[in-house]
Amino acid sequence: MKRFKRILIILITGMILLSACDTQSLKDLNINPKTSDEMDNSYLFTYVLVTTGGRQYTAKRANLFLCSTYVQQFACLSTGDYGAGDKYMYNNTFCSAYFDYVYVEALKELTQVINNMQDDPDAVNDLSMARIWRTVIFHVMTDLYGEIPYSEAGMGYLEQVYMPEYDTQQSIYTGMLNELEEAINAFDTSKSTWGDADVVFNSDISKWKKFGYSMMLRLGMRMSKVDPATAASWVQKAVSGGVMTSNDDIACIPRSESGSDEYNQNPNSHVFHEADWDEKISSTLIDFMKNTNDPRMDIMFEKGSSNTEQHGMPNGYDYSTIKTYEGLASGESIDLEIYSDVNPLLVALDAPQVMMTYAEVELMLAEAAERGWGGVSDAESHYKKGVRAAMQMLTIYDSSLAISDATVDAYLAANPYSSASGLRLIGEQYWLATWMNFYESYANWRRTGYPVLTPVNYTGNQSNGQIPRRIRYPSSEYSVNSTNLSAALASQGDDTFTTRVWWDVEE
Amino acid sequence: MKKNCSPDRFWKYQTIWQKLILRMKLAGILICIIGLTGSYASVYSQQTKLNLKMQNTTVKDVLKQIEDMSEYSFMYNASKIDVSRKINLNVEEKSVEDILKEIFSGEDVNFRVIDRHVIIYSNSEQKEFAMQPQTVSGKVTDSSGSPLPGVSIAVKGTGKGIITDASGNYSIGNVPGNAILIFSFVGMKSQEIAVSGKTTIDVVMQEETVGIEEVVVTSLGIEKEKKSLGYSVTEVSGDNFTEAREINVANALVGKVAGVSVSNVATGSGGSSHVVIRGNTSLSASNQPLYVIDGIPMDNTQIGSPGTWGGCDWGDGTSSLNPDDIESMTILKGNSAAALYGSRASNGVILITTKKGKKRQGLGIEFSSNCVVEDMIDYTDYQKKYGHGYYGEKPLSQDEALDYGLYSYGAKLDGSSVVQYDGVSRPYSYAGNNRKNFYRTGSTWTNSLALSGGDNVHTYRFSVSDLENNDIVPNCNMYRRNIGLNVNGKYGEKLTVSAKIEYTIQNISNRSEIMDSPGNVNYAVFSLPPSIDVRTLKGTTDKLGANEEGTELEFNGNTYVTNPYWSAYQFQHRTKLNRIITSMLLKYDLTDWLYIQGRIGRDWGHRSKNDLEPYGTAFRPLGQLHEMKYIISETNADVMLGWNHNFNDFGFNGFVGGNYMRHNYDYVSVGGTNFNIPFFHDVSNLSSQSYSTSVNKYGINSLFGSAEVSFKNYLFLNLTARQDWFSTLDGKDVTYPSASLSWIFSDTFKMPEWLTFGKTRLSWAQVGGGVDSPYQTLLSYKLLGSGYEGETAGLLSQTTVPNTNLKPFKSTEYEFGLDVRMFQNRLGIDFTYYDKKTENDILSSTISKASGYSSAKVNVGKVTNKGVELLVNLGIIKRPAFSWDASFNLAYNKNKVISLAEGIETLTMDQSRTQSAWLANIVGLSYSQLYGYKFRTDAQGRRVYDSSGLPLQSTELYPLGTGICPITMGLNNSFKYRNFYLNFLIDMRTGGHIYSASDAYGYTRGFHKNTLKGRDSGLDVAGVDESGNSFSYHIEPENVQTYYQRVAGITEEFVENASFIKLREFTLGYNFSKRLLNNTPFSDVSMSVVGRNLFILWRKTTDIDPESTYLSGNAQGLEGFGVPPTRSFGVNLSVKF
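Protein chains in written order, with my numbering: chain L, 1 to 507; chain W, 1 to 1137.
Hints were generated in silico from the structure; no laboratory data involved.
All C-beta atoms, glycine included, are put in the ideal place defined by N, C-alpha and C.
A few of these clues could be false.
Calculated cross-link-like contacts (lysine to aspartate or glutamate; reagent style DMTMM-like; alpha-carbon spacing at most 25 angstroms) [unchecked claim]:
#  : chain 1 : residue 1 : chain 2 : residue 2
1  : W       : 1009      : L       : 81
2  : W       : 782       : L       : 274
3  : W       : 934       : L       : 494
4  : W       : 782       : L       : 22
5  : W       : 543       : L       : 204
6  : W       : 878       : W       : 202
7  : L       : 323       : W       : 393
8  : W       : 587       : W       : 223
9  : L       : 191       : L       : 204
10 : W       : 807       : L       : 22
11 : L       : 209       : W       : 791
12 : W       : 538       : L       : 274
Partial chain W-side listing against chain L, Cβ under 8 angstroms, derived [unchecked claim]:
#  : residue
13 : 730
14 : 792
15 : 948
Just chain L, same shape as in the assembly (with noise of 0.2 angstroms):
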């Protein structure tokens, strides 16, 4: 009994030392079964496409609610966090929302993929289509906030950067130029591609290569004011690089209304569908388009259910001051019906959601005519080409948007170019391309100054009652990255909205 209760003791006591010492179970529990550590490069390339300009979330604040009312294409009477834009009024989240999501949802995968494909020869092609958009993410991005985070960004694994130091805004462009420069001339025909995975393309090469110096010519102009030189060496060339062709060439994500509504939708669309959605067609650009007869009026917008005629709201009013610019009685209240709505169509959850177009292209190529850059000639046919682009591309969303051919030369003839008014005529015209792409009509209008708007002066805004100049830095990044981020108000100055970007020289 004695020794079998002793070979009972050393038995346990064996056992139970194995078995906490078996490490490889424990290992093998560490893994976990519903993830992978391995994905194909083209699956995380979609996810990158898909979420570039952010979800919901981000287009509804930064796109809509702050740049779309910057540059007067929406108004709103609210006076609460809705109507932050339309009266330069400081809300966090609005200002957070693009540095806040794309970073950690489009970025972070983007900087994996290239990562994972550096060095991979017969990756080329793929990588340059991945280097291309990665400008395009950062584009916005330091268009709208001046100095950020760049080429340190999305390093959090890969170089443990937790806390990425901010570029000058100088610096981002010239990588981005450099980097479009690199990945356009790195395309390689005789190498794959990853086919069907790239949902704006279908990796097609030539007209990632057309993309790619149409961005060029994107980011070159933006130097107009502050380095004219430069600037014009890049469209140069972009411009023998060869640039969008037709409408055939807008680069835009398709999207479909079954699937995940965050994800597979349009985003910018999103919020037109939501309940509580209040803002209402700019009276600037509804007057605008009024006073040029603009055929697209009445197919982008439709006239509100109590009204006979186009009607836009201002901007900077509010539910009690906006009786006195409706000429309505203090006791009368405000009918929100008599003013002018989007056409359904072009923010149906399908509608694609439209990243860069042709016509903007032969806008800036009139502009680049006008300005005597890069060998380019005859800005009154490239403006025509441009507004023509414009008024056509509106079937993406739906076919029954034509244009005819007729109306546009009409439009055209009743609305001469003159070279005298030549960057006026089209910037304006740069503004109603650019529909939908806030972020863009917003860069472009502060760097050339059309269409030339009139700031609001709501009590209690932030800007000095001027349009602001940038929206300010997401607030976490104060609690968080707070040496880098002064660093960086050193360079650029006051987060504020008065401050301007590197390229938005006051002239």
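Fit chain W to the given chain L structure using the hints.
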């Protein structure tokens, strides 16, 4: 026996003694003699008187002489009784007793006269005679004289035992005359009484004096004498949880234990409890203690809690426990106490011991019923002068009424008829207290029944409990049923087996969302302008909160603020929990000092969650539904070999063993948005369907050992070690040591009379934590479930940067304690000082989103907690009829964040929905700092205004005070007067702050009283402008709204001192006296009136309860539109058969 049977002859044959027959005979006689003295009235001895006159005669001859002259015969053992002694005797007319008394006076000799027989014996002989089995009976009472049923009486050294009946009587047969009986009863001092031949033994049981010989449960379920412990341990007995009870039993610890801080979420029924012992040790890992039930760790997972964007608190592991099954909770506060739990010990451990059956006669039945009503406490003092509107104007149309939303910046209430959101005009006057009109009186009714009993081999306890609760939030109801069975057996001398199963069903319908809207009933109820009556929001149809079409009746233009009736009655937030906690233990005594024990247990829970935003909800017109299932389980198995041996003055005990732990979390969710067919709320009807699944598995393998050496039972040294191997660290291991010393100086030296007991303790231990999240070491990918346009889309599954070098954090604590009792335990003081340091804390450091990730786990944090704990027990009055005991506890914890990651001074923990207040850990300050904007001022402290007279917020964020109260106090008083008893507990917290988002919204929307200033005649502000020049400005009345809305973004305006004193518990009861129960089947009946949170005696907050946090995690200090606090009162009935 014949007359001539000479004693000499009789005693002569010593061998005959051993003959059974004689033995029986003698025994028979002796039992008669000793047991029934007095009952044999001897007529002969009373009547016979003798005359004797003898000089210098031996005793022997004297006796012979008596035999000759009477019918008496004497029996005695000549070897024991000295009969050769010579005496003088001169008696006349004396009875034989008197004569014998005279003969043997001064001798160690007794005699008994039975009729004509006289037995003479020495006292030493009496004991030998008494060895003969006999029946012992008697009555057991308590100190007040009431009979005690259920007292167990064991014959020492045998398996024999019995239990007193309902009247406290017992009778135990066949007891050796020299046996020792052990009387024991819970809460009473055990007594050992020698039978010494007695056949009637009445016993008065004495209540156990707290502490000195107290045995407490320690780590791994090992019972130890409290005096041997070198660290602080507090035991809270089960009756603390059953009278003035809480639904979540952890909440009942409030104010009871020094150093244990409890906060509960302002969420109504079934919410979580946040318990922190001795301050927060980790910056980002959980700071909640490990709960262990009967030796098996419990799962305390929360399946969702509200945050910045609102949501429900979905409860935790403690919210479904049955308080009636709890025998006691033992709180292992410090690292040393908990050290044997190694990497799970850094936050202390709460050991829950459940009730077990006891050996008794028949079936023990206990029934209790507790019925309380709950009433809202409305702390608000909102303005009642200005009505719905904007910039001083009333709404003029239904559209305006909707557009003006929840704003109370309208005109002065004048009783005029003003159109409201529904197009109906109502008087523009104060519509009454919307809180009172919306919330209902809640109620909780708990019924519990326990059956228990046992014999020498088995004991059992079976319990059922039913709880029905109606929350104060309309349509929020809960029921909980607990069924438990606990069986213990001792087979033979060596094998002990115990097994337990507890099954819980808990269903909660429509928990309230809190903080942000939509779906939060409280949000709208608290924000409504004073001129709108919440009851009108019910609508006119039977469907509450709906309009004629059956969709949400909107009452403001912001669809994200949901109609509270729609939220309460049409939204669904349902949970169902099925939980089984089982455990089994086998213990085998290998020798009398060595045992081996194996134990296995599992806490398995299936939770389902149903979250519906119905069709027709304004902000989501087509609706949304998610159905979620969780299976969460934790399995623990341990084996240990233990010893307990004494050599002279030294005692050695300890054990070595191993533990195997696996934690599994399985989650499936189906759901989606947009119902195709209106109002048909099923997943199949969703046009956009989605699903998700996830698993979370981790495990720890451990070895542990503990060794204690004691000297003379006054000096104890205890060393422990545990080694843990972690799955979450890919198999890496860490060792956790501890050492503790306990010295009972009052047993070492002679102490003054007034010092009853004195002990000092000293300990040191290192424990760890923070490594219970798996899959953090590898980068991994997942797929976007729905794909994209036929393409597969993949993404990185982490938003936290994976870190392969992670290790558990280390918490090192020194503890010193002094425990003294004075004046026969009338005054007890227990003092503890501790100094705890956490290093290599794992920070889920919020990192710049520009890194691509939102957080990173890094081993960098350092936090210290130093504090004192004081417990004073006072027996102020101790009389049989009246007693007054008081117990006071006080704790102060000084917490300091020493360092965060390199270059990081601030770590954001949480943020208010107002987006203008944060909670952060900031280097050099204490945990969970409120962090936000101040008014911008110039160097002289003058406020800076912009050109419209609006104040500017500071450009930087400032710490504005910790959200955690460092000082906690509790004062419990118990009075007993005859059968009445009265207990009340007052608890106090101070030193912390709370940010009130409700108040900030009160400024934005104009319902806060402070916004009245300036509405009539405008507001004058004075200070400096942005260039520093002095500045003054008159804000017109219509613009004061803009002013207050600007102030709403300035954090410091809404940071309030969260100190308070509350009357937490109140019990007034009556124990029916035994006399009254004599002719009833009941053995014990008590009734009490109970109350919880009855009054707040002192507070510094204005419109909110200082405890109304909506957070259940580490971050504490944010308030926002929670379910209002309640006071509850009712009756408790407890009956025993």
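Results for each hint:
no.	hint	in the structure
1	W/1009 to L/81	holds (23 angstroms)
2	W/782 to L/274	violated (30 angstroms)
3	W/934 to L/494	holds (19 angstroms)
4	W/782 to L/22	violated (29 angstroms)
5	W/543 to L/204	violated (57 angstroms)
6	W/878 to W/202	holds (24 angstroms)
7	L/323 to W/393	holds (13 angstroms)
8	W/587 to W/223	holds (14 angstroms)
9	L/191 to L/204	holds (12 angstroms)
10	W/807 to L/22	holds (18 angstroms)
11	L/209 to W/791	holds (23 angstroms)
12	W/538 to L/274	holds (24 angstroms)
13	730	holds (5 angstroms)
14	792	holds (5 angstroms)
15	948	holds (6 angstroms)
Hint compliance for this structure: hints 2, 4, 5 are not met, and every other hint is.
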